[in-house]
Amino acid sequence: MPVFIAGAGMTRIGRRSEALPDLMAEAAHAALAAAAVDVPDAIVVATMNPEEFLGDGNFASRVATHMGFAEVPTLRVETATSSGAAAFYTGFAQVAAGLRQRVLVVGGEKMTHLSTPRVSELIGRSIDPYERSYGATMPALAGLITRALTQQGVGLREFSQVAVKNHGHAARNPYAHYTALVTLAHVMESRMVADPLRLLHCCPISDGAAAVVLTSAPTPVRVAGVGQGTDTLAVRHRHSLTAFRATQEAAKAAYAMAGFGPERVDFAELHDAFTPFELIALEDTGLIPPGKAGRATLDGDTALDGRLPINPSGGLKARGHPLAATGIAQIVECVWQLTGGAAGRQVQGRVALAHSIGGLATNNWVTLLERTR
Amino acid sequence: MIETIAASKCPRCEAVVAPPAPYCPRHPVAMTPVALSGIGEVVTYTTLHAPPEGFRSPLHIALVELEDGARFVCHGSETRGLKVGATVAIEAIDNVYYFSHLGTLDRALIFWRRAGRAGDKVNAFARSLAKRMWKGRVRAED
Numbered sequence: 001m002p003v004f005i006a007g008a009g010m011t012r013i014g015r016r017s018e019a020l021p022d023l024m025a026e027a028a029h030a031a032l033a034a035a036a037v038d039v040p041d042a043i044v045v046a047t048m049n050p051e052e053f054l055g056d057g058n059f060a061s062r063v064a065t066h067m068g069f070a071e072v073p074t075l076r077v078e079t080a081t082s083s084g085a086a087a088f089y090t091g092f093a094q095v096a097a098g099l100r101q102r103v104l105v106v107g108g109e110k111m112t113h114l115s116t117p118r119v120s121e122l123i124g125r126s127i128d129p130y131e132r133s134y135g136a137t138m139p140a141l142a143g144l145i146t147r148a149l150t151q152q153g154v155g156l157r158e159f160s161q162v163a164v165k166n167h168g169h170a171a172r173n174p175y176a177h178y179t180a181l182v183t184l185a186h187v188m189e190s191r192m193v194a195d196p197l198r199l200l201h202c203c204p205i206s207d208g209a210a211a212v213v214l215t216s217a218p219t220p221v222r223v224a225g226v227g228q229g230t231d232t233l234a235v236r237h238r239h240s241l242t243a244f245r246a247t248q249e250a251a252k253a254a255y256a257m258a259g260f261g262p263e264r265v266d267f268a269e270l271h272d273a274f275t276p277f278e279l280i281a282l283e284d285t286g287l288i289p290p291g292k293a294g295r296a297t298l299d300g301d302t303a304l305d306g307r308l309p310i311n312p313s314g315g316l317k318a319r320g321h322p323l324a325a326t327g328i329a330q331i332v333e334c335v336w337q338l339t340g341g342a343a344g345r346q347v348q349g350r351v352a353l354a355h356s357i358g359g360l361a362t363n364n365w366v367t368l369l370e371r372t373r
Numbered sequence: 001m002i003e004t005i006a007a008s009k010c011p012r013c014e015a016v017v018a019p020p021a022p023y024c025p026r027h028p029v030a031m032t033p034v035a036l037s038g039i040g041e042v043v044t045y046t047t048l049h050a051p052p053e054g055f056r057s058p059l060h061i062a063l064v065e066l067e068d069g070a071r072f073v074c075h076g077s078e079t080r081g082l083k084v085g086a087t088v089a090i091e092a093i094d095n096v097y098y099f100s101h102l103g104t105l106d107r108a109l110i111f112w113r114r115a116g117r118a119g120d121k122v123n124a125f126a127r128s129l130a131k132r133m134w135k136g137r138v139r140a141e142d
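Heads up: the protein sequence lines correspond to chains P and V, in order. If you read the first sequence in our numbering, its first letter stands for residue 1, the second for the next number, and so on. If you read the second sequence in our numbering, its first letter stands for residue 1, the second for the next number, and so on.
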């Protein structure tokens, strides 16, 4: 059964003083209003780690009750940093199977009330325990991967330009965490975090929430395909460090479901938690031929006015990365772009791709959306 | 002195993982224990400037590939002058593995030890020569 997106909504991403259930209610009610749905048949909630970030458990019921939907069946889905995309898949599957007709999918995370080392440690708990015992954090593993990438000829300028571009896009997005532009010099001279990765190659710690309403009734945006791909928890057991099997398999599955390939994709939201990951994702999803992503970025192909706009929202890098909100926020941006609702950063296109990484690429998702009219 | 590192091997795909694991990451089969020599090649490395609690900054981390393809994460005293592809020795200090650069002599020793497996007399001679030189160096350092 075909599945459509009837409404999308999100909060401004950034440092937020509101409690997470308030942020999630704001996003959910915005999506429901856009869909003209009063009460959904079911709710899927995504939060990566409210137990440790907030000290709250049973979060599906917590959020449903807080939003006024205590009597609507609700469940929570988790695949680390791609939890939002996983929740979207769960809602999609419910509608596709004919089990539900109107499903609300809402994801959110709140982290900025904690210190950066504490947040880094909590996110790091999704890393293989042995690697973690050696002090490996997400930036450390991303640093190892970036070094391997530079060995293959990817240059510092190439993955620094991703930051310049995505900050430029975010400056046009009222929902983005960052609104200031950065120059190549800013990025390349920012503080070293995990050699060769610098501070401005890394996404910020953000709060926020995003939501969509999925329906079986036709709307202007159809879910063309959703794919999941996985890989070993330990980065050291990977067959490749510079390509992510989890993304490649997710893309393959999504294209197979959609019945078309990367040549039909007009723009994409890619998981750029670390800017070199945007280059890896461009090639893993087949949007750019292997080895060409850096050049395409320097040539402006992936800019807002390029032939293949990537991360028109500003991406995780500059729109921000409130973990479980991110996978859904990417889809919200794609829906707004497809329906002409992205004022100030509007791109043209009929097919959009969203790509979300869980953990250090252990559980990834690719979602394809298509405009129906 | 070259360390022996405990690892395990998948009977189905031959993958070797360290430290040992009960099941192969890619196959639901029990792995068999193997011992690896603590010599490997640097696959990639980084220096973390804001390490998690309990680690000193800067923290040097390398991914080292041991002889039969098992990859190992370990610490180092520094990464200055370190290159991807460099041969390093791994040693355990208080159950934590560290990598260190190998000097020319260490490398010669390893080379001849490997060559020695062929049973060649010339290699055996060179090996003993290398051993004498090694001892000489140890004495000199005393």
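Calculated directly from the structure, the hints in this document are not laboratory data. Incorrect hints may appear among the rest.
[As the list claims (entries may be wrong)] No farther apart than 35 Å at their CA atoms in a straight line, the calculated lysine-lysine pairs in the DSBU-like style are these: (1) K83(V) <-> K292(P); (2) K9(V) <-> K252(P); (3) K292(P) <-> K252(P); (4) K9(V) <-> K83(V).
[Said to hold, decoys possible] Non-contacting residues of chain V with respect to chain P, defined by C-beta distances greater than 12 Å in every case (computed): (5) I2; (6) E3; (7) P11; (8) A30; (9) P33; (10) V34; (11) T47; (12) E67; (13) R71; (14) H75; (15) S77; (16) V84; (17) T87.
C-beta: ideal position from N, C-alpha, C; glycine also.
Consistency of the hints with the structure:
1. For a cut-off of 35 Å, the pair hint linking K83(V) to K292(P) stands: about 25 Å separates their Cα positions.
2. A hinted pair counts as satisfied when its Cα atoms are at most 35 Å apart, and K9(V) with K252(P) qualifies at roughly 30 Å.
3. In summary, the hint linking K292(P) to K252(P) is supported, as the alpha carbons are separated by about 20 Å, within the 35 Å threshold.
4. Of the pairs offered as hints, the one joining K9(V) and K83(V) holds, with about 28 Å between alpha carbons and a cut-off of 35 Å not exceeded.
5. Distance check on I2(V): its Cβ is at least 20 Å (rounded) from any Cβ of chain P, clearing the 12 Å threshold; non-interface status holds.
6. Every beta carbon of chain P lies more than 12 Å from that of E3(V), the smallest distance being close to 16 Å; the non-interface claim holds.
7. Interface exclusion of P11(V) from chain P stands, the closest Cβ pair being 17 Å apart, more than 12 Å.
8. The Cβ of A30(V) sits about 17 Å from the closest Cβ of chain P, beyond the 12 Å cut-off, so the non-interface label holds.
9. For P33(V), the requirement that its beta carbon stay farther than 12 Å from each beta carbon of chain P is met, with the minimum near 16 Å.
10. Under the 12 Å C-beta cut-off, the non-interface status given to V34(V) relative to chain P holds; the minimum distance is some 15 Å.
11. Against the 12 Å criterion, T47(V) falls within the reach of chain P, whose nearest CB is about 4 Å from its own CB.
12. No Cβ of chain P comes within 12 Å of the Cβ of E67(V); the nearest lies about 15 Å off, and the non-interface call holds.
13. Not every C-beta of chain P lies more than 12 Å from that of R71(V), the closest at about 4 Å, which undercuts listing it as non-interface.
14. Remark: the non-interface label on H75(V) conflicts with the geometry, its nearest Cβ contact in chain P lying 6 Å away (cut-off 12 Å).
15. Every Cβ of chain P is farther than 12 Å from the Cβ of S77(V); the closest lies at roughly 14 Å, confirming the non-interface assignment.
16. Not every C-beta of chain P lies more than 12 Å from that of V84(V), the closest at about 5 Å, which undercuts listing it as non-interface.
17. The beta carbon of T87(V) is kept farther than 12 Å from every beta carbon of chain P, the shortest such distance being approximately 16 Å.
Of the numbered hints stated above, those contradicted by the structure are hints 11, 13, 14, 16, listed in ascending order.
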